[in-house]
Amino acid sequence: MKTTYREAMRSALQEALQQDERVFLMGEDVGRYGGCYAVSKGLQEEFGEERIRDTPLSESAFVGAGIGAALGGMRPIVEVMTVNFSLLCLDQIVNNAATLRHMSGGQFSVPVVLRMTTGAGRQLAAQHSHSLECWYAHVPGLRVIAPGTLEDMRGMLRLALEDPDPVIIFEHNALYNREGELAEDSSITDIRRAAVRRNGSDVSLICYGGNLHKTLDAAEQLAEGGIDAEVVDLRSLRPLDDETILASVRKTHRAVLIDEGWRSGSLAGEIGMRIAEQAFYDLDAPLARVCSAEVPIPYAAHLEHAALPQVDTIVEKVREVMGQNV
Amino acid sequence: MKTTYREAMRSALQEALQQDERVFLMGEDVGRYGGCYAVSKGLQEEFGEERIRDTPLSESAFVGAGIGAALGGMRPIVEVMTVNFSLLCLDQIVNNAATLRHMSGGQFSVPVVLRMTTGAGRQLAAQHSHSLECWYAHVPGLRVIAPGTLEDMRGMLRLALEDPDPVIIFEHNALYNREGELAEDSSITDIRRAAVRRNGSDVSLICYGGNLHKTLDAAEQLAEGGIDAEVVDLRSLRPLDDETILASVRKTHRAVLIDEGWRSGSLAGEIGMRIAEQAFYDLDAPLARVCSAEVPIPYAAHLEHAALPQVDTIVEKVREVMGQNV
Amino acid sequence: MTGKPSQVSREQGLQWLTDMTRIRRMEEKCAELYGQEKIRGFLHLYIGEEAVAAGAIPELGEDAAVVATYREHGHALMHGISMNAILAEMFGKREGCSHGRGGSMHLFDAGTRFYGGNAIVSGGLPLAIGLALADKMKNRRRITACFFGEGAVAEGEFHESLNLAALWQLPVLFICENNLYAMGTALARSESVTDIHQKAKCYGIFSAAVDGMDVISVNTAVRDAVKRVREKAAPAFLEMRTYRFRAHSMFDPELYRSKEEVEQWKQLCPVATLTARLRAQKVLNDADVQGIEKSVAEEIQNAVDFANAGHWEPVEDLLKDTYTESILSNLFTLNTAINNQNIRND
Amino acid sequence: MTGKPSQVSREQGLQWLTDMTRIRRMEEKCAELYGQEKIRGFLHLYIGEEAVAAGAIPELGEDAAVVATYREHGHALMHGISMNAILAEMFGKREGCSHGRGGSMHLFDAGTRFYGGNAIVSGGLPLAIGLALADKMKNRRRITACFFGEGAVAEGEFHESLNLAALWQLPVLFICENNLYAMGTALARSESVTDIHQKAKCYGIFSAAVDGMDVISVNTAVRDAVKRVREKAAPAFLEMRTYRFRAHSMFDPELYRSKEEVEQWKQLCPVATLTARLRAQKVLNDADVQGIEKSVAEEIQNAVDFANAGHWEPVEDLLKDTYTESILSNLFTLNTAINNQNIRND
Ligand SMILES: Cc1ncc(C[n+]2csc(CCOP(=O)(O)OP(=O)(O)O)c2C)c(N)n1
Ligand SMILES: Cc1ncc(C[n+]2csc(CCOP(=O)(O)OP(=O)(O)O)c2C)c(N)n1
Ligand SMILES: [Mg+2]
Ligand SMILES: [Mg+2]
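Protein chains in written order, with my numbering: chain A, 1 to 326; chain B, 327 to 652; chain C, 653 to 998; chain D, 999 to 1344.
Okay, chain A solo, but in the shape it has when bound (with noise of 0.2 Å):
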């Protein structure tokens, strides 16, 4: 079927509300507006204002409020529109989120989804083109994970809302309008493991969700310098797999990673320092990352695509890897 990963959002988000009484979607304007990105179009039609609720922004109070539901007994939706104004919400989900399961001796469950479009590329400008996926991925209690294909659009939120623990999904926003096929058996999704996308032999470039398409063109036009990339998209950022991660190293002897946030302090660091850990014996180069540039996003177009990760980056990145000098 073709869709896009917008409309695959929405057709899971409907049929958690159809099959679960007690999941409800909350944030700000995903009702009446229908979504700052227009996800939850025509939901609050269909479920009505309780379950599809609009809230006034206090990203701090609604956020907690998804959680205390949660502990009531619900399993509540939380959208935070962007990722950006999670950095009003943090104290509600690293200080209670992720930890009222364990302070309280394994007495109480948080089945909260929060679900953040993340990522740059629109030019949005410094405020509004943050990537902060590391920073959820390095807190104990909460998995995080983000779709990069259609079927992962379409069916991690099940998975998600299955989980008894809180589940932060990171939506890339140049992901909705994308169009594509979605297999009919989204069954294939499996919030646990990390998928190879394409097999390669020479190189393994590891990434996850705005980036894999990135990464897949990279891959093809390094093909065509005869480079066999294998290209992992992880998944989930917390925890990650490294089983697969390491399988897929330890084959290609090489790996660069992909990763929109900046350089510093950034999960493509933790991913490199687990391979230095555990693969460093197998590896025949040292290891690379494409990151964004450390700068607060500019607004301007070209210096906007400067500061990114792009095919060419990548691809470069990979050749020098490889020894190719550029």
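Think of the hints as simulated: they come from the structure by calculation, not from any bench. Please read all numbers here as calculations on a predicted model, not as lab measurements.
Examples of chain C residues toward chain A, derived with CB under 8 Å:
hint, residue
1, R753
2, A762
3, K790
4, N815
5, L816
Stretches of chain B that chain D covers, calculated by requiring three or more beta carbons in the stretch to come under 8 Å of a beta carbon on chain D:
hint, segment
6, 382-390
7, 395-403
8, 412-422
9, 429-440
Once the Cα atoms are required to be at most 16 Å apart in a straight line, the calculated EDC-like pairs of lysine to aspartate or glutamate come out as:
hint, chain 1, residue 1, chain 2, residue 2
10, A, K41, D, D1250
11, A, K2, A, E181
12, C, K681, C, E951
13, D, K1136, B, E347
14, D, K1134, B, E347
C-beta atoms are modelled at their ideal positions from N, C-alpha and C, and glycine is treated no differently.
Dock chains B, C and D with the ligands against chain A, hints included.
Quick look at chains B, C and D with the ligands alone, frame taken from chain A:
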């Protein structure tokens, strides 16, 4: 001169307030109470309520006000009582302090200094035991420093205040009571450079702040066992002084990174990745790190102890890296 | 402030006296145990404020949820957590109500719906909103009571939460324990308008100020408010005017207030005033008081013994309860466990 | 709401008409340029609300600081940033008032003390507090004006900031532009009490509601408030009741309000009503209006030409102004530059 880290910071604050009229200290309970950790005790009597300004419990507003006052020509020192509460003011730090200079095309500077206590070890449990330095070290536009020695505790503030950009100082709570000899000449402090605190030839132990002394102790124990460890104290967490780090690793060919942050997404991971990127061929062994266990820090003493890096665990990890099976 | 009834029944009077005495003596013991390093971390005593928890919590109803702060020993005890489980928690023992993971600031109990124990000022309010929202969506008529200090009023989250409660008409009873200080910061140094109960009116929430040193006033006000919350399915707000007799925590030299001020407030001691009143009413005698003290002393001794006899969680279980162990999440858990294994075995 | 004076001088009337026309026509051009993809990112038009910026900003004083939101083109223009610099910024050119780094949502100008252009709802309020605090501590008598939408009122930061301003008696003039919607959320769906100007009274701040569609009412209210802020060295708050005629941004299908509602408000168009009034007063004729339109059209054409002729910042300067380049921070900068170098040259 024999003194404590607490006294060292207090006298640094005092000196700054004496030397520059634009400097003021603001935060929760810095005045009448004398500071949560008694660091600012007595300063309100000396400098008055305007310059030692108690704030309500409004982290976002008073940190933002510090940023605004810096824009307005002051040199505010804003104390966020602990890093745990800084989750409530991250938006101001990330979206205003860190971006205003760049977003304005270089027109505005934000010479604000933020001080925060960090770290665990006092049985304060999950919500009061964070070590989130790595988050701040991820953000372009911020500088992040962490004193580990008495001299740095005494000397860093002055340099931070001279900086035209926002600087965050992380003070580990375990240091305040620690006593030592303060060198007369504290001009040796240079926040731009990591410092080699112990020369060694077998392995580089890279650490900072609250873990410096644990690491030095571990190095002594290792020396008894015939392992000659070099100890590098980062001092600046953003930017990282790659030169000093890499020079050490190129000499010892092995590195173990010590960091109280949770392992996944830790600053230790970033440093490891930089080594794997830039000094791969100099390494004789896999990289390794000693971090906190991935759990909300528990209250009970034995569990908290087990969750945090300790002298023992550092020693064992180094032995492992050196091939001395344990 | 709301008025108080003229007569208190002997039964009711003894109950309150017993409850307040239990809190008071338990906490005095805690201070002692802190000196002995049996209890560690932060310890915030409620002494002086007992009338609030003792007067309020019994009125909330069996099925009420309670959300509190780090100064919550009294609330936990009143809501039905045993002294044994509370003390064991502060000792860090597995038998504690949070299995030793939480400590003094994080008492929890699923059975009685006690949701903590939150150490971030104002951090509990959104949780209370959510608990009440769940009840409302599920058409359950129970209420959620949210306790917090007046220091929380300056936090943005307080305002966001009150607005949500009023906007969505949620069954939350907000109880602000205004003890005039947030650590060392006097209310007048933190709020431009110090009449706290007015804040709720700004959101159209029913609100009243109550003499929080008097258990009868507290009880009456809470009873009315609970009725209102249930009937109108709408929030209510009570400002309890009270005072803490002890330091903020065990590290506080109390530079910010005078001994005289503390002494004056001690004249209003809720235990002493209730005792005097019951005596004046002639429904209480020396033997009653001795009886209460004796049974409370026993309860405390038992709790201390229980806590002492408790067990440490095995260190191998360090990571337990970070995630739920279920079939679905097995792999997650496994992975994380493996990663942490390296660390624990460092 | 405050009253309005009966007569407007020709000079004053022409000034307002010119100012509002400049904002209106500039923004109409922006919408057009957005269609041509000359302007990108988010673009939020102020059309319908011009009376607020045009009536308020000239009264603030030469030395006033202005803090605004992402809907700030009109404020920037009124505060003295040239149309050239504004349009060049939206084009992403070096000649823009933020050198192309900020775009529509982040206009800045140190010279006129225009502090942005903040795209986080309520994020500008604490900055205004700080700017005013600096003035107070340095004994400068200038004021800081802080503009924000009514959506910000639900954010905790709004409350924290108002409390600080009142508690510390800071010279801030808060101007809430209540256009009844925050994106698609109607005020009544986001606030339990919708009379916004009352919120400030909860902090003891002088506050008034003003007809924000009428430049004369705006101007009078702001003049009084500025006087008050200066004389009393205390904050003041004005709620401007206004309406945006256009969509929230360029992506908004406006599902949340009816065409009729929009049409009704358009009857109150501030440009049209002022024009009618001046004509009725017989101080404005057709030639005046044509003259204004002509000069505005020229200003806009010049600005578009200027923006088109502007330059892109060289891509090698990507990292510029992340940190200050100074002797002290040389090493910092160097290090970061080197690290980034790897990336840029990827
Ligand atoms: C967000 C946050 N900021 C700061 C602190 C440190 N702190 C702990 S208790 C306290 C005072 C709170 O006072 P109040 O709310 O009046 O409660 P009380 O202690 O008087 O019961 C402060 C500042 C904290 N725990 N959380
Ligand atoms: C903290 C935060 N949350 C959400 C958003 C997304 N957003 C941008 S504008 C807006 C509506 C703001 O409405 P209002 O404050 O009334 O200003 P107006 O747009 O009407 O001028 C929202 C929700 C944001 N920018 N910041
Ligand atoms: Mg208090
Ligand atoms: Mg609005």
